[in-house]
Amino acid sequence: MLKQRTNWLVTSLIALGSLVIFIPLYLVISIALKTPDEMAQSVLSLPTGLHFENFTKAIEATNFFAAFKNSTVITVVTVVFTILTNSMVAYAIARNMDRKFFKGLYYFFVSAMFVPFPIIMLPLVKQTSQLGMDNPGGLIFLYIVYGAALNIFIYVGYIRSIPRELEEAAIVDGCSPWGVFWKVIFPLLTPINATIAILTCLWAWNDFMLPLIILNDPADATLPLVQYIFQSEFGTDFNLAFASYLLALSPMVIVYIFAQKWIIGGIVKGAIK
Amino acid sequence: MSREDVVLNNPKSSTVTIKKKKTKIKMKNIHFYLMTIPAFILFLTFHTYPALQGIYYSFTNWDGLSLTYDFVGLKNYLNIFKDVNVLNSYLFTFKFAIVSTILVNIISLAVAMGLNSKIKGRNFFRAVYFLPNVLGVLIVGFIFNFIFSNVIPKLGDTWHIAFLSNNILGSEKMAWIGIVIVAVWQACAFNIILYLSGLQTVPTELYEASALDGANKWQEFWKITFPMIAPFFTINMVLSMKNFLMVFDHVVALTGGGPGRATESISLIIYKGGFSGGEFAYQSANSVIYLIVIVAISIFQIKVLQRREMDM
Numbered sequence: 007m008l009k010q011r012t013n014w015l016v017t018s019l020i021a022l023g024s025l026v027i028f029i030p031l032y033l034v035i036s037i038a039l040k041t042p043d044e045m046a047q048s049v050l051s052l053p054t055g056l057h058f059e060n061f062t063k064a065i066e067a068t069n070f071f072a073a074f075k076n077s078t079v080i081t082v083v084t085v086v087f088t089i090l091t092n093s094m095v096a097y098a099i100a101r102n103m104d105r106k107f108f109k110g111l112y113y114f115f116v117s118a119m120f121v122p123f124p125i126i127m128l129p130l131v132k133q134t135s136q137l138g139m140d141n142p143g144g145l146i147f148l149y150i151v152y153g154a155a156l157n158i159f160i161y162v163g164y165i166r167s168i169p170r171e172l173e174e175a176a177i178v179d180g181c182s183p184w185g186v187f188w189k190v191i192f193p194l195l196t197p198i199n200a201t202i203a204i205l206t207c208l209w210a211w212n213d214f215m216l217p218l219i220i221l222n223d224p225a226d227a228t229l230p231l232v233q234y235i236f237q238s239e240f241g242t243d244f245n246l247a248f249a250s251y252l253l254a255l256s257p258m259v260i261v262y263i264f265a266q267k268w269i270i271g272g273i274v275k276g277a278i279k
Numbered sequence: 007m008s009r010e011d012v013v014l015n016n017p018k019s020s021t022v023t024i025k026k027k028k029t030k031i032k033m034k035n036i037h038f039y040l041m042t043i044p045a046f047i048l049f050l051t052f053h054t055y056p057a058l059q060g061i062y063y064s065f066t067n068w069d070g071l072s073l074t075y076d077f078v079g080l081k082n083y084l085n086i087f088k089d090v091n092v093l094n095s096y097l098f099t100f101k102f103a104i105v106s107t108i109l110v111n112i113i114s115l116a117v118a119m120g121l122n123s124k125i126k127g128r129n130f131f132r133a134v135y136f137l138p139n140v141l142g143v144l145i146v147g148f149i150f151n152f153i154f155s156n157v158i159p160k161l162g163d164t165w166h167i168a169f170l171s172n173n174i175l176g177s178e179k180m181a182w183i184g185i186v187i188v189a190v191w192q193a194c195a196f197n198i199i200l201y202l203s204g205l206q207t208v209p210t211e212l213y214e215a216s217a218l219d220g221a222n223k224w225q226e227f228w229k230i231t232f233p234m235i236a237p238f239f240t241i242n243m244v245l246s247m248k249n250f251l252m253v254f255d256h257v258v259a260l261t262g263g264g265p266g267r268a269t270e271s272i273s274l275i276i277y278k279g280g281f282s283g284g285e286f287a288y289q290s291a292n293s294v295i296y297l298i299v300i301v302a303i304s305i306f307q308i309k310v311l312q313r314r315e316m317d318m
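In order, the protein sequence lines correspond to chains L and E.
For any residue, its number in our numbering is found by taking its place in the first sequence, counting from 1, and adding 6.
For any residue, its number in our numbering is found by taking its place in the second sequence, counting from 1, and adding 6.
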């Protein structure tokens, strides 16, 4: 049929549209590689040489590797524990939706998605500092707890599509209830675990508000928070600022380039159910 | 929710399991409680409790630091309705959220339909369009801040285009448009992918049938595509509206609420006033109103849009 031929009109429109995404990224890379003199001549032109000194300066000025380590630790630990705990809670809820308590829990968690953060924010800061949680450990803990609202919603939808027969067979074979979850259900959750891992990873890595209000010691600052702290110190040295932005963005972009199919697939799986 | 329940809870299978449970599985339930109760308690402690505290403080005059405070009843609430700055923050936030929600959904749907048609390099472009979603909003905001303040005005000067030569973020009337542009640039990524996955659930036979009936593209879109992806439309409208009403990072990175207080979002005014303005109780009252507004709008949207879905 006619439809099977390549639609060149749409292809060119889509290609043209993608410039909206490419141009700002081109600016970031080219400005990060330029000197202030080159910038003065033309903002848009390609850099004449590769000025990596912007990067070395940015790494020094913002203590990049410390912030990178903070962000990585916080993100990885959050993702791992989110998957281990939230999946289990969702499993218990999904298998007992006919009971009032669990059904109530489901709506309790899901409705929390619609509570705007500012109402929690002011008292939360008091609470976390009283409990000594104004550090990366406390931040990780809050990510795991707050993530539960959306994650339980996604997990429950998925778990309910898994037939119960498998679990019943495992129980007949003498498997303990905990064993049923870890040995039978958890492995079946791999596709949706991937979805949750991607969403949680992007959230924890890029989040700015929670680190801003929770973290007390500047040495604990995450990558976005560091950009915020140093924004005023970059002053008019845009080349330095952009080198720093590029450094902060690149870890996730590199991960994305390699895992792009898998990441988009994971998001789609979370959306379709 | 309820429709999902009907689909997923095949009545036959659930009655079978209930019978089995009653015969041998009394003890089995304990571990379900053990699995959920710790999470329940933690969520209660770190989410519900601070929210209730926020409501509690909204009836006091606490500044966040003093040792004592008094109850003032509804005074904070009454003052909020008279507060020009708060009123402006609501106006700005709504203007921003409505315009951004509409733009994001139109653009995302259009791009998703483009990506769903027969084009060259489809996977490549899909990856490109999703890229902004992995970039942090704050840093994206800083980058666009520079583009608005330096790149565009310079281009405007060289090309002699007057309206480009000013930094829109510096104009009280225009700054909000800059924030909309950045928000749309970033948020489309996620919505394109959601719409694309929705479009792929539409069976191609439907298009073939409508082509045989002689429907044009416009009719095809309104009679087939749109009704079929209506649930995705509902979800996207509700979620983007909710997210945009909570805008914070964009504003911090682009204008800091300025010029003057022209682009102070509700979140930002609560953050600023609550932490550094000595208005802990007052902003708590503001955030209670904010909660009510967001919940009301979300419920309203879900109701209206779901009725639409059924009509179609």
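Rather than coming from a laboratory, the hints here were simulated on the basis of the structure.
Note that CB positions come from ideal geometry on N, CA and C, so glycine has one too.
Each hint should be verified, as a subset may be incorrect.
[To be verified] Cross-link-like lysine-lysine pairs, in silico, DSBU-like; alpha carbons within 30 Å at most: (1) 275(L) - 160(E); (2) 160(E) - 132(L); (3) 267(L) - 101(E); (4) 275(L) - 179(E); (5) 101(E) - 106(L); (6) 101(E) - 248(E); (7) 81(E) - 132(L); (8) 275(L) - 88(E); (9) 109(L) - 223(E); (10) 106(L) - 88(E); (11) 223(E) - 132(L); (12) 160(E) - 267(L); (13) 275(L) - 81(E); (14) 109(L) - 309(E); (15) 126(E) - 223(E); (16) 309(E) - 63(L).
[Claimed, not checked] Residues of chain L clear of chain E, computed beta-carbon distances all greater than 12 Å: (17) 21; (18) 59; (19) 71; (20) 110; (21) 126; (22) 128; (23) 133; (24) 179; (25) 213; (26) 247.
Evaluated hints:
Between the alpha carbons of residue 275(L) and residue 160(E) the distance comes to roughly 44 Å, so the proposed pair goes past 30 Å and is violated. Among the hinted pairs, residue 160(E) with residue 132(L) is inconsistent with the structure: their alpha-carbon atoms are about 46 Å apart, more than 30 Å. For the given pair, residue 267(L) sits about 36 Å from residue 101(E) by alpha-carbon distance, which is inconsistent with the 30 Å threshold. Under the criterion of a C-alpha separation no larger than 30 Å, the hint pairing residue 275(L) with residue 179(E) is inconsistent with the structure, at around 42 Å.
A hinted pair counts as satisfied when its Cα atoms are at most 30 Å apart, and residue 101(E) with residue 106(L) does not qualify at roughly 41 Å. Taken as a hint, the residue 101(E) and residue 248(E) pair is honoured in the structure, with Cα atoms around 13 Å apart against an allowance of 30 Å. Under the criterion of a C-alpha separation no larger than 30 Å, the hint pairing residue 81(E) with residue 132(L) is consistent with the structure, at around 23 Å. Proximity of residue 275(L) to residue 88(E) is assessed by CA-CA distance (about 47 Å); at most 30 Å being required, the pair is judged violated.
Our distance criterion of 30 Å between C-alpha atoms is broken by residue 109(L) and residue 223(E), whose separation comes to about 44 Å. Distance check on the hinted pair: residue 106(L) and residue 88(E) sit about 44 Å apart at the alpha-carbon level, beyond 30 Å; violated. For the proposed pair residue 223(E) and residue 132(L), the alpha carbon gap of about 58 Å is over 30 Å, so the pair is violated. Distance check on the hinted pair: residue 160(E) and residue 267(L) sit about 38 Å apart at the alpha-carbon level, beyond 30 Å; violated.
Straight-line distance between C-alpha atoms of residue 275(L) and residue 81(E) comes to about 48 Å, which puts the hinted pair past the 30 Å bound. As the CA atoms of residue 109(L) and residue 309(E) are separated by approximately 21 Å, the hinted pair is consistent with the 30 Å bound. For the hint pairing residue 126(E) with residue 223(E), the CA-to-CA distance comes to about 21 Å; that is within 30 Å, so the pair holds. Restraint check: the Cα-Cα separation between residue 309(E) and residue 63(L) comes to about 54 Å, which exceeds 30 Å; the hinted pair is violated.
Interface exclusion of residue 21(L) from chain E breaks down, the closest Cβ pair being 7 Å apart, not more than 12 Å. For residue 59(L), the shortest C-beta to C-beta distance to chain E comes to about 20 Å, beyond the 12 Å cut-off, and the non-interface label holds. Against chain E, the non-interface label of residue 71(L) holds: every CB pair exceeds 12 Å, the least being about 17 Å. For residue 110(L), the shortest C-beta to C-beta distance to chain E comes to about 10 Å, within the 12 Å cut-off, and the non-interface label is violated.
Consistency note on residue 126(L): stated as away from chain E, yet its beta-carbon is not over 12 Å from all of that chain's, at 4 Å minimum. With a minimum CB-CB distance of about 5 Å to chain E, residue 128(L) fails to clear the 12 Å threshold, and the non-interface call is violated. Listed as outside the interface, residue 133(L) is inconsistent with that label: its C-beta sits roughly 6 Å from the nearest C-beta of chain E, within the 12 Å cut-off. With 12 Å as the threshold on Cβ separation, the claim that residue 179(L) sits away from chain E holds: the shortest Cβ distance comes to roughly 14 Å.
In this structure residue 213(L) is not separated from chain E by more than 12 Å, as the shortest Cβ-Cβ distance comes to only about 8 Å. The beta carbon of residue 247(L) is not kept farther than 12 Å from every beta carbon of chain E, the shortest such distance being approximately 7 Å.
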